[in-house]
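Based on these hints, arrange chain P on the given structure of chain C.
Protein sequences appear in the order of chains C and P. Numbering follows the working numbering, with no gaps: position 48 of the first sequence is 48. Numbering follows the working numbering, with no gaps: position 223 of the second sequence is 223.
Derived from the structure by calculation, the hints contain no laboratory data. Keep in mind it's a predicted model, so treat the numbers as computed, not measured. A virtual CB, placed ideally from N, CA and C, is assigned to each residue, including glycine. Among the clues, some could well be false.
Some, not all, of what chain C presents toward chain P, calculated at C-beta under 10 Å [said to hold, decoys possible]:
| hint | residue |
| --- | --- |
| 1 | Tyr49 |
| 2 | Ile50 |
| 3 | Cys52 |
| 4 | Pro53 |
| 5 | His54 |
| 6 | Gly55 |
| 7 | Ala56 |
| 8 | Arg71 |
| 9 | Ser73 |
| 10 | Gly76 |
| 11 | Cys78 |
| 12 | His79 |
| 13 | Arg80 |
| 14 | Met89 |
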Amino acid sequence: MESKAKVSNKTLRCIAVQAGAAKAFKPGNRVVARPEWDKDRCVRCGICYIYCPHGAVVRQDDGFFDANTDRCSGCGVCHRECWFGVIGMVEEA
Amino acid sequence: MDKYSLMVPNFIPTREYFDPKHSDTCIGCGVSLAARLVGKALQKAMDGAVCARRSGADLFGVKTNAAFMRVKKGKNELVICFDDEPSNALQDALVKKLPAVAVAEGIAYVATACPSYPFDLMEKVQRAMETDGSAYIHILTPCPSAWKYPTENTVKVGFKAVETLAFPLYEVASGFYNLTNKTLKPRAIEEYIRAQGRFEKVTAAQVKSAAATVEKEYKKLLEKVQPE
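In isolation and in its complexed conformation, chain C is listed as follows:
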């Protein structure tokens, strides 16, 4: 199964550069971007699962990972920490 969503590894919009800017976002609020896993290259190591600050990464039955939309705040830590660059941040409409 190929994921149809655009996966961009270069740009990331969910950045709070100024102090206090991140406080406008709360987990579960409207999020600028969400992680998307490229299942062809994912080795299912689970680094994203460990480093997720809000525990949003969930392991599915087939062993791959996905983001829990209730908890994910789109911080991009999983995108940055993935050893194989599998996770891309997809901008929300």
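Showing chain P alone in chain C's frame:
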């Protein structure tokens, strides 16, 4: 790809003990990440845990604004400090008073930890629960909104803090020091300082003196560590 699957989550409990919705956490929060890992290490003992943040809280006679978690263990107590450096001073980022004060107070188990090293952190929490007597763990938690760096770098900044020796990881069990992360090739302290927007105005001369203080503090620590 099956033969490469390492399955890191197999080694830790899958249940989440920390709910970010009920606490006031920003996106990419380091405190949230640390609290989540602590919850996974404590498991059932998490029921008796109280987490609070008060301005000017007094611990061992040192006043801080950091968040504290207190866990009951028998007659004694495990105190976990989530230090996100609320004072925003360069000196506070380089020299940590609280772990040294805790050792002087005679706490049975004292350790420093960082959520960038999750297994190290969880092992220390478990070891603190196993030892007799009270325990104290000092956790450095990067904060994207106060430290002014992109939210995605939360874990990377933690790595930099440890690898530049600004925040060495060690544990003190009944007076014996033990380095848990041996950095063979330390990075320049400038990398850690320049990664944060709050230290934009720090001059090159201040960076030099910062490097000197970090080296001095690390030498002090190495002297305390007993030869193996």
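**Prompt:** Hints broken by the structure, by number, lowest first?
**Reply:** none
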